[in-house]
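These protein sequences, in sequence, are chains A and B.
As numbered in this note's numbering, residues 1 to 367 make up the first sequence, in order.
As numbered in this note's numbering, residues 1 to 367 make up the second sequence, in order.
By construction, these hints were calculated from the structure, which means they are not laboratory data.
Any given hint might turn out to be false.
The list makes no distinction among identical chains, and a pair is therefore deemed to hold if it is satisfied within one copy or across any two copies.
[Stated by the list, open to error] Only pairs whose alpha carbons sit at most 16 Å apart, straight line, appear in this in silico EDC-like list of lysine to aspartate or glutamate:
{"#": "1", "residue 1": "Lys-363", "residue 2": "Asp-85"}
{"#": "2", "residue 1": "Lys-245", "residue 2": "Glu-289"}
{"#": "3", "residue 1": "Lys-11", "residue 2": "Asp-135"}
{"#": "4", "residue 1": "Lys-245", "residue 2": "Asp-286"}
{"#": "5", "residue 1": "Lys-68", "residue 2": "Glu-140"}
{"#": "6", "residue 1": "Lys-245", "residue 2": "Glu-290"}
{"#": "7", "residue 1": "Lys-245", "residue 2": "Asp-21"}
{"#": "8", "residue 1": "Lys-68", "residue 2": "Glu-233"}
{"#": "9", "residue 1": "Lys-68", "residue 2": "Asp-313"}
{"#": "10", "residue 1": "Lys-80", "residue 2": "Glu-109"}
{"#": "11", "residue 1": "Lys-80", "residue 2": "Asp-359"}
{"#": "12", "residue 1": "Lys-68", "residue 2": "Asp-268"}
Here are the chains, one letter per residue:
There are 2 protein chains.
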Amino acid sequence: MASTSTISVRKEALPGPLPLDSGRELAGVEIAFETYGELNEARENAILVFHALTGDQFVASEHPITGKPGWWERMVGPGKPLDTDRFQIICANVLGSCMGSTGPASAGEGGTPYAMQFPVITIRDMVRAQMRLLDVLGIETLHAVVGGSMGGMQALSCAANFPERTGRVLAIATTARHSAQNIAFHEVGRQAIMADPAWQGGAYYDGASPDKGLSVARMAAHITYLSEAGLTEKFGRRLQDRDAKSFGFDADFQVESYLRHQGISFTDRFDANSYLYITRAMDYFDLAEEHGGLLANAFSDASDTRFCLVSFDTDWLYTTADMREVVHALNAVAAPVSFVELSAPYGHDSFLLDVPALDRVVKGFIG
Amino acid sequence: MASTSTISVRKEALPGPLPLDSGRELAGVEIAFETYGELNEARENAILVFHALTGDQFVASEHPITGKPGWWERMVGPGKPLDTDRFQIICANVLGSCMGSTGPASAGEGGTPYAMQFPVITIRDMVRAQMRLLDVLGIETLHAVVGGSMGGMQALSCAANFPERTGRVLAIATTARHSAQNIAFHEVGRQAIMADPAWQGGAYYDGASPDKGLSVARMAAHITYLSEAGLTEKFGRRLQDRDAKSFGFDADFQVESYLRHQGISFTDRFDANSYLYITRAMDYFDLAEEHGGLLANAFSDASDTRFCLVSFDTDWLYTTADMREVVHALNAVAAPVSFVELSAPYGHDSFLLDVPALDRVVKGFIG
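Full structure from sequences and hints, please.
Below, the structure written as structure tokens:
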């Protein structure tokens, strides 16, 4: 990918070393972020949006590398469900990522990139770093935290670990615990990256990056973001720019061509080591385990927080059943929670796509 | 993998060149096979078992490379559902594979391996080659054809294209058409192999083989063979030989360790180019398309053939809904068909595992 040193992003240095769940601490952490809308005088109208695995802080503004619109423009803006006329929307690039926040590509001691010397981080570490960013920004409490997929994991972790800062929690298409199947898909992606000789044990920043491995990892993951029915409707067995099968190994089928494009274009904007670290953080995520093995314990201090949980009927990555477990835990601590399963054909990616019912749920809950 | 030239397998040369669906033809085809039980005097008690993508002819005898028992010992033997006291069970290594039948690793013109000069083949080509093998063996009609997964595709293709040779058809955990999602998973595997620099455009037979790429391909595919619930029951989030997470990139979780083992051990016994060609054949498989776009047409000459179709409730690779489409097509031509969805926790792999209900279905149908 293009080095983030060549792009200019807004960021803040966190004061003091950041303690990590691993027991290590990380000095000199910088967190890159974007804001949309104004903070009010009481400094209590901020909404923190957490991004997903391969997301970034450019939630409603142009991505500086790809030039594409923000990933949640449909949700964030004046008069939109996350209304920038009323709220300040903040989105920070997660710790370990590659769009300006400290991660494996950042310079460690001696000035060379951390690479695999970067500490293994957790979802809670990501949240901890963002709470420190809020300290720097002078924001004590949030009107709400909002996130889909890994963003939803951060939202739940934030409610569990920083309930006093979290007024409302909106968690979409997510889970409180990565399943064996979730871990398995991530492990395939990591092995694909590590199998690429260009990876060089992570120390590739002076030369070619392991784009082929990262591309395969992205392809495998991408299948899990879509529904079987959605793939059939979008592509079926239709051929790509040809009338008959080639009897060769070109991308005969549209779905092959689409996946190859998803894989290759991803490598322009993402760092392979960041992919390793962030998938690892997701696989380690088990909110119950962090709280004595009982998920309800995670929310014992969050009974004054209002929760809204949303799942999609075609999401087979983080299912409605996964979300129900969170609802049961919240019920056990009598936290106010609303839960809805929305019908949408796009699988896990539904939270990013044109699902008007989701807009209405978000607008209603944010208030 | 170990070259098949170093192992001795039973095989026959097919007379004359084999015509292929691509329009090409292939000369000098050899088909490796095993038989279990005796052919009767009338030569009409043979049952042809078709193997799956990574299967082979060693259905009920030791694999010459791995030393493991046959892959369907539970089903084939004296007194077993495919009873070798009454039937001769024949299983041939498919065209394009690597256990003795002609495939990309075989010597082409000039004596060097075909590699990617091997023609792209189809499921129907595999069946055609096996019918020629039966000609060589002096077997005109089969008591039954039986297969699971890709073996089931061959069984359906055999019924469609050689109905006069096929008395009964038992197709298990299969489909009449590869879906967009099926193609997508295979494409990830192919790209993983082709991304491995050791692949060298397929011309790796003189040097190191692309084991890393093939291993990643196998890992990705393996997830689709198991059910989510089965993975959770078998592995959950249990750690591998440790009490706590390592905060590193070793295989912390049992499911990671299992998948890595599946990937690596596969490369001992399978040729990467064969994996490319056979997955391509499966992706090309669309029995309706071969017969004017209407699946019922495929079976118009098979109305005297008896069919039995079996699906598993946890199989998300080839689902009960996929099998129902075949049943509808068979009903449309008034072919005698019985269909059962069995309950088993193992996902697609259920057809290979301990599912006593399947044994009973097979025994009853074979008669």
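Going through the hints against the structure:
no.	hint	in the structure
1	Lys-363 / Asp-85	within (13 Å within a copy, 71 Å between copies)
2	Lys-245 / Glu-289	between (51 Å within a copy, 12 Å between copies)
3	Lys-11 / Asp-135	within (14 Å within a copy, 74 Å between copies)
4	Lys-245 / Asp-286	between (46 Å within a copy, 12 Å between copies)
5	Lys-68 / Glu-140	neither (32 Å within a copy, 63 Å between copies)
6	Lys-245 / Glu-290	between (52 Å within a copy, 12 Å between copies)
7	Lys-245 / Asp-21	between (52 Å within a copy, 11 Å between copies)
8	Lys-68 / Glu-233	neither (25 Å within a copy, 42 Å between copies)
9	Lys-68 / Asp-313	neither (29 Å within a copy, 42 Å between copies)
10	Lys-80 / Glu-109	neither (44 Å within a copy, 67 Å between copies)
11	Lys-80 / Asp-359	within (8 Å within a copy, 59 Å between copies)
12	Lys-68 / Asp-268	within (13 Å within a copy, 45 Å between copies)
Hints 5, 8, 9 and 10 from the list above are not met by this structure, while the remaining hints are.
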